[in-house]
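Here is how the chains run, residue by residue.
There are 2 protein chains.
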Amino acid sequence: MPILVMKFGGTSVATLDRIRRAAKRVGREVANGYDVVVIVSAMSGETNKLVGYVGETSPLYDAREYDAVVSSGENVTAGLMALTLQEMDVPARSWQGWQVPVQTTDAHASARIEAIPPENILAKFGEGMKVAVVAGFQGISPEGRITTLGRGGSDTTAVAFAAAFEAERCDIYTDVDGVYTTDPRITSKARKLDKIAFEEMLELASLGAKVLQTRSVELAMRYKVRLRVLSSFEDNDDSAGTLVCGEEEIVESNVVAGVAFSRDEAKMTLTEVADRPGIAAAIFGPLSEAGVNVDMIVQNISEKGLTDMTFSLPIDQVQRAEKALSEAKAADDIDYVELLTDTDVCKVSIVGIGMRSHAGVAAKMFSTLRDEGINIKVITTSEIKVSVLMDRKYLELAVQALHDAFGLDQVA
Amino acid sequence: MPILVMKFGGTSVATLDRIRRAAKRVGREVANGYDVVVIVSAMSGETNKLVGYVGETSPLYDAREYDAVVSSGENVTAGLMALTLQEMDVPARSWQGWQVPVQTTDAHASARIEAIPPENILAKFGEGMKVAVVAGFQGISPEGRITTLGRGGSDTTAVAFAAAFEAERCDIYTDVDGVYTTDPRITSKARKLDKIAFEEMLELASLGAKVLQTRSVELAMRYKVRLRVLSSFEDNDDSAGTLVCGEEEIVESNVVAGVAFSRDEAKMTLTEVADRPGIAAAIFGPLSEAGVNVDMIVQNISEKGLTDMTFSLPIDQVQRAEKALSEAKAADDIDYVELLTDTDVCKVSIVGIGMRSHAGVAAKMFSTLRDEGINIKVITTSEIKVSVLMDRKYLELAVQALHDAFGLDQVA
Numbered sequence: 000m001p002i003l004v005m006k007f008g009g010t011s012v013a014t015l016d017r018i019r020r021a022a023k024r025v026g027r028e029v030a031n032g033y034d035v036v037v038i039v040s041a042m043s044g045e046t047n048k049l050v051g052y053v054g055e056t057s058p059l060y061d062a063r064e065y066d067a068v069v070s071s072g073e074n075v076t077a078g079l080m081a082l083t084l085q086e087m088d089v090p091a092r093s094w095q096g097w098q099v100p101v102q103t104t105d106a107h108a109s110a111r112i113e114a115i116p117p118e119n120i121l122a123k124f125g126e127g128m129k130v131a132v133v134a135g136f137q138g139i140s141p142e143g144r145i146t147t148l149g150r151g152g153s154d155t156t157a158v159a160f161a162a163a164f165e166a167e168r169c170d171i172y173t174d175v176d177g178v179y180t181t182d183p184r185i186t187s188k189a190r191k192l193d194k195i196a197f198e199e200m201l202e203l204a205s206l207g208a209k210v211l212q213t214r215s216v217e218l219a220m221r222y223k224v225r226l227r228v229l230s231s232f233e234d235n236d237d238s239a240g241t242l243v244c245g246e247e248e249i250v251e252s253n254v255v256a257g258v259a260f261s262r263d264e265a266k267m268t269l270t271e272v273a274d275r276p277g278i279a280a281a282i283f284g285p286l287s288e289a290g291v292n293v294d295m296i297v298q299n300i301s302e303k304g305l306t307d308m309t310f311s312l313p314i315d316q317v318q319r320a321e322k323a324l325s326e327a328k329a330a331d332d333i334d335y336v337e338l339l340t341d342t343d344v345c346k347v348s349i350v351g352i353g354m355r356s357h358a359g360v361a362a363k364m365f366s367t368l369r370d371e372g373i374n375i376k377v378i379t380t381s382e383i384k385v386s387v388l389m390d391r392k393y394l395e396l397a398v399q400a401l402h403d404a405f406g407l408d409q410v411a
Numbered sequence: 000m001p002i003l004v005m006k007f008g009g010t011s012v013a014t015l016d017r018i019r020r021a022a023k024r025v026g027r028e029v030a031n032g033y034d035v036v037v038i039v040s041a042m043s044g045e046t047n048k049l050v051g052y053v054g055e056t057s058p059l060y061d062a063r064e065y066d067a068v069v070s071s072g073e074n075v076t077a078g079l080m081a082l083t084l085q086e087m088d089v090p091a092r093s094w095q096g097w098q099v100p101v102q103t104t105d106a107h108a109s110a111r112i113e114a115i116p117p118e119n120i121l122a123k124f125g126e127g128m129k130v131a132v133v134a135g136f137q138g139i140s141p142e143g144r145i146t147t148l149g150r151g152g153s154d155t156t157a158v159a160f161a162a163a164f165e166a167e168r169c170d171i172y173t174d175v176d177g178v179y180t181t182d183p184r185i186t187s188k189a190r191k192l193d194k195i196a197f198e199e200m201l202e203l204a205s206l207g208a209k210v211l212q213t214r215s216v217e218l219a220m221r222y223k224v225r226l227r228v229l230s231s232f233e234d235n236d237d238s239a240g241t242l243v244c245g246e247e248e249i250v251e252s253n254v255v256a257g258v259a260f261s262r263d264e265a266k267m268t269l270t271e272v273a274d275r276p277g278i279a280a281a282i283f284g285p286l287s288e289a290g291v292n293v294d295m296i297v298q299n300i301s302e303k304g305l306t307d308m309t310f311s312l313p314i315d316q317v318q319r320a321e322k323a324l325s326e327a328k329a330a331d332d333i334d335y336v337e338l339l340t341d342t343d344v345c346k347v348s349i350v351g352i353g354m355r356s357h358a359g360v361a362a363k364m365f366s367t368l369r370d371e372g373i374n375i376k377v378i379t380t381s382e383i384k385v386s387v388l389m390d391r392k393y394l395e396l397a398v399q400a401l402h403d404a405f406g407l408d409q410v411a
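Heads up: the sequence lines are chains Y and H, in that order.
Using numbering that gives the first Met the number 0, you'd call the opening residue of the first sequence number 0 and step up by one each time.
Using numbering that gives the first Met the number 0, you'd call the opening residue of the second sequence number 0 and step up by one each time.
If you are wondering where the hints come from, they were derived from the structure by calculation, not from laboratory data.
Certain hints may be false.
Any copy, or any two copies together, can satisfy a pair, since identical chains are not distinguished.
Within a straight-line C-alpha distance of at most 30 Å, the following computed DSS-like cross-link-like pairs (lysine-lysine) qualify [claimed, not checked]:
1. 48 to 23
2. 129 to 48
3. 328 to 223
4. 392 to 209
Full structure from sequences and hints, please.
Below is the structure:
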């Protein structure tokens with residue numbers, strides 16, 4: 000039997016009625032001839048409640064106990080989903096992470112899956128069971144303790160199972176009906192993509208399109224797991240949603256697949272830094288140790304051995320960055336004249352594998368923004384992405400203009 | 000280090016504040032020099048919520064999935080209790096049933112504990128851990144699936160751990176402050192007992208004094224686990240609550256330890272049954288198969304080869320009993336003229352190990368009831384108990400009169 004992995008997020012299993020609706024979709028795939036591995040999240044709100052309990056009990060909690068507590072929501076949904084399927088005469092049973100076992104590292108609260116031996120579940124499929132319902136987000140450490148994979152970890156669970164079981168596809172049911180060319184709240188011209196390449200999805204996921212957890216896309220790319228994102232709230236046929244797949248499956252596509260953005264950015268500049276070897280390490284080492292996620296970095300042209308160093312970071316990490324840098328300065332590890340902070344910026348990016356073979360994409364982006372009178376503060380590029388930092392007030396204008404300029408409302 | 004088992008029921012861990020209060024008691028015992036095994040129930044209301052989910056999803060549920068779902072409440076409390084203790088600088092960690100492992104039969108939803116290998120937890124005690132917090136009510140079957148022990152099962156978990164760890168004592172923290180000579184709602188003269196023998200507690204537990212699960216008392220008696228019942232809502236010293244122990248520890252005691260009662264009883268009589276060998280089996284076999292818990296049985300003197308057979312049962316099982324008996328009659332397995340049902344009766348019992356060495360206890364009970372004008376319908380006796388069935392309207396009167404007659408408001 001071919002195997003299908005189906006993952007249902009928290010809103011898709013938020014009530015017993017929704018679990019029933021999800022179970023019907025599973026039953027349909029069983030009728031289509033699949034053996035199905037279903038990955039479930041906790042009923043929406045449950046994990047937040049448990050995280051709240053832990054935080055209130057112990058602000059600096061032992062992550063091993065955190066995991067033991069917050070993993071329990073998925074166990075409830077897994078059992079209820081199995082019962083619902085049984086009620087529909089679909090042979091099913093639930094598995095908790097440790098029962099499979101989903102073997103992970105011991106990095107509690109953000110563990111990584113190391114292996115999923117498929118034998119136990121395959122044996123049950125061999126005995127006539129049609130659906131294995133697995134509690135997502137959780138696993139077991141080498142020491143036999145419960146681990147969790149971090150927020151959104153159920154997506155990663157689903158992809159890892161699809162890889163371990165060589166599934167034909169991994170369907171991620173969520174509360175949106177696919178991946179869009181940009182956020183439809185910014186422009187009504189946003190269009191749902193039928194297909195998107197792993198690399199593009201990875202850039203979009205890490206740029207803040209919160210459809211899929213970044214790690215799940217990385218894993219899917221690595222193991223060539225075809226991922227489909229679709230809504231659990233609509234009746235959809237086999238071509239519904241968005242397929243995340245290898246680029247060889249995408250015959251025709253726009254040069255740019257989508258416009259992504261990140262609203263809450265900040266920009267910091269250290270002025271008159273000594274331009275000597277090792278200066279970047281001296282600046283960004285302490286920032287990394289302080290847990291600051293530096294994103295874009297620009298070093299200006301050096302004059303008289305001094306340079307300005309500019310970087311961007313999430314706005315809620317500014318205080319931490321300022322503390323780390325002033326401490327480094329006090330310790331004489333780095334020297335600068337001024338530390339300038341701008342918390343009124345955002346980042347807008349265009350993403351597309353087509354850029355690799357098309358020249359002039361970045362130039363077209365810059366001229367489009369110029370025509371709108373938008374000043375670009377920092378630029379970074381990768382093979383399939385161009386990102387620019389700008390004043391936050393221009394975000395909507397920039398996204399709309401770029402969406403139009405690259406013809407994203409039209410299929411290529 | 001001597002080991003102590005402390006069990007906290009659902010109301011004792013109903014909120015984070017109450018968990019904190021319970022943790023303080025645990026910390027005090029650690030300061031007293033004990034290594035402590037803490038058994039926790041789910042936060043009150045949680046298990047009912049989960050049982051409700053299961054019942055709504057699948058009225059005739061798969062008990063294996065039921066267990067997977069309803070066991071999750073205890074996991075949450077165990078983790079939170081461990082975190083709370085850590086916040087108080089008491090080295091602690093949580094264990095779920097399968098981690099210990101608590102090995103049970105595969106009788107899902109009412110499994111029995113078969114073994115609790117103490118090695119894992121003892122090793123941690125050896126490394127300096129002071130408290131092992133264990134999720135009560137759950138275990139793991141030989142097939143590696145999660146089991147639960149049935150309602151009130153956390154008491155049984157606690158006693159089983161006390162036996163496996165040869166604990167000095169097993170303290171059951173609950174919402175009452177001990178075992179009383181009778182229900183204080185019936186007579187204000189009811190007195191808390193300092194000590195009670197296992198055998199007496201067993202009779203009281205099965206007679207409806209809902210302080211402890213019957214199976215937990217059986218287990219405590221078998222393994223000579225000293226059980227202490229006390230309130231988690233009062234500050235109490237070491238002599239607080241009621242100690243359930245071997246009778247050799249009870250130096251002085253009243254002949255009668257307590258007056259128990261069961262309010263919702265019914266009495267059924269089959270008239271003119273053929274008095275032949277095997278007739279009792281023919282009647283009570285079908286009742287047992289129908290799940291009817293027959294309690295007291297009286298067979299009248301036989302006249303002309305015919306007899307009347309009377310028995311008592313819980314009132315909510317009357318319909319089931321009537322169905323089973325009429326079916327047995329229709330199948331010619333038994334023959335009777337009339338089936339008389341009286342649903343207005345209750346059972347009142349006196350319990351005490353002193354009865355074994357004191358004559359005239361039953362006679363005194365009967366004369367006390369006679370003096371109050373109470374008619375006795377059925378009598379049963381055991382070595383340490385006399386029970387009588389009477390009209391329900393006499394319940395309070397009978398309990399008060401017996402409590403006075405045996406001087407239960409006075410320490411012996």
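Check your understanding: Can you tell me if residue 129 and residue 48 fall within 30 Å by alpha carbon in one copy, between copies, both or neither?
Key -> between (33 Å within a copy, 29 Å between copies)
Review point. Should residue 328 paired with residue 223 be assigned to within, between, both, or neither, using CA atoms and 30 Å as the limit?
Key: neither (47 Å within a copy, 69 Å between copies)
Point to revise | Alpha-carbon proximity context of residue 48 and residue 23, limit 30 Å | key: both (28 Å within a copy, 24 Å between copies)
Check your understanding: Checking residue 392 and residue 209: alpha-carbon separation at most 30 Å within a copy, between copies, both or neither?
Key -> within (22 Å within a copy, 67 Å between copies)
This entry does not satisfy hint 3, going by the numbered hints stated previously; all others are met.
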